[in-house]
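**Student:** Residue strings, one per chain:
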Amino acid sequence: MIYDIAGLRILIQNRCKYTEMFCKAYLSDDQTSPYDISATVTNEEFYEEKKASSQFSDGYIENICLYRAICRQMPVLNRMLLHAAVLEYEGNGYAFLGRSGTGKSTHTGLWLKHLEGSKIVNGDKPILQSTEQGFIAYGTPWMGKEGLGCNSSAPLKGLCFLEQAKENSITRLTPAEAASRIFVQILFPEDEKNAARTLELTDKLVTETPAYLLKCNISKEAVKTSFEAMTGKPYSPKN
Amino acid sequence: MKIKNGFVLRKVGGESVVVPVGAMSKEFHGMINLNETGALLWNFYTEDHTVEDGVAALLAEYDVEEEIARRDVENFCKVITENGFAE
Numbered sequence: 001m002i003y004d005i006a007g008l009r010i011l012i013q014n015r016c017k018y019t020e021m022f023c024k025a026y027l028s029d030d031q032t033s034p035y036d037i038s039a040t041v042t043n044e045e046f047y048e049e050k051k052a053s054s055q056f057s058d059g060y061i062e063n064i065c066l067y068r069a070i071c072r073q074m075p076v077l078n079r080m081l082l083h084a085a086v087l088e089y090e091g092n093g094y095a096f097l098g099r100s101g102t103g104k105s106t107h108t109g110l111w112l113k114h115l116e117g118s119k120i121v122n123g124d125k126p127i128l129q130s131t132e133q134g135f136i137a138y139g140t141p142w143m144g145k146e147g148l149g150c151n152s153s154a155p156l157k158g159l160c161f162l163e164q165a166k167e168n169s170i171t172r173l174t175p176a177e178a179a180s181r182i183f184v185q186i187l188f189p190e191d192e193k194n195a196a197r198t199l200e201l202t203d204k205l206v207t208e209t210p211a212y213l214l215k216c217n218i219s220k221e222a223v224k225t226s227f228e229a230m231t232g233k234p235y236s237p238k239n
Numbered sequence: 001m002k003i004k005n006g007f008v009l010r011k012v013g014g015e016s017v018v019v020p021v022g023a024m025s026k027e028f029h030g031m032i033n034l035n036e037t038g039a040l041l042w043n044f045y046t047e048d049h050t051v052e053d054g055v056a057a058l059l060a061e062y063d064v065e066e067e068i069a070r071r072d073v074e075n076f077c078k079v080i081t082e083n084g085f086a087e
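Top line first, the protein sequences correspond to chains D and P. No gaps in the numbering here: position 236 of the first sequence is 236 in my numbering, and each next residue is one more. No gaps in the numbering here: position 73 of the second sequence is 73 in my numbering, and each next residue is one more.
Don't read these hints as lab results, they were simulated from the structure. There's no promise every hint is true.
[Stated by the list, open to error] To give an idea of the interface, some chain D residues facing chain P are shown, with a C-beta separation under 8 angstroms as derived from the structure:
1) G101
2) G103
3) L115
4) A178
5) A179
Where a beta carbon is used, it is the ideal one built from N, C-alpha and C, also for glycine.
Let the hints inform the model, and build the full structure from the sequences given.
**Tutor:** Structure representation (structure tokens):
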């Protein structure tokens, strides 16, 4: 079936039913026009993933492999997968990044709680598209264990790297500092064209998008700290 | 020395990085960070050249003493060879 994901028409050739249910909200109304990407999973890839994730069902394993197969074809189409949680607030997107366990979902949960109207575009694996006006973050069916996100998109206005701390503080990162932190959150395709393009897109991303290091605890003040730095607006919560 | 095929070098955020591609990405997992001289030498040694050639290439680009340029090139070639990136 063909799905509309991140502004592309994607033909997904799955064997297990799981993926059809999983991607239902993204099913294209037009199943006949040409597609941009076709994704399928080879036996070799499937069994390699099954070794690594033996506790999961075949449908789930095929599903993980399919997203990888899609994402590694995207860079030449000006898109890339980023491991991050992207929130939307007043029409703009903000990405929160950190190694597993640093509190991405905790901090984004605090935004949802303390900033009325904020919503999660994708809680774990958004796709970013490079455009002449900067990057756009897209929701996709793949959004991490918690399954938080929706079929929407927002222009990306900030990258926020998280670290746990007792006191809240935020500093602006240089493009080089942002690059050194972002590499571990990116999928590198194996083929040369897409790998090179991934580096070029990453360069654009850290050059065009303001990046910050947020040291934070779990509090409303942590939201104030990241919100004010990234939006440039005063934080005035409605209680 | 010649650096094996299967790497791409790009500037990201102003810093030069190299990633493995194709078959090389199965052999080597990771990323190489290069300073300015390192990036120049990496590009230079994607074709087969001697240490002397490398020294000449550095001297042509930078205003440094030959002794320092030679030390840099020897270090670079040593690191490349030790990591298995040389043919």
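**Student:** Provide an ascending list of the numbers of those earlier hints which the structure does not satisfy.
**Tutor:** When the structure is compared with the hints, numbers 1, 2, 3 turn out to be violated.
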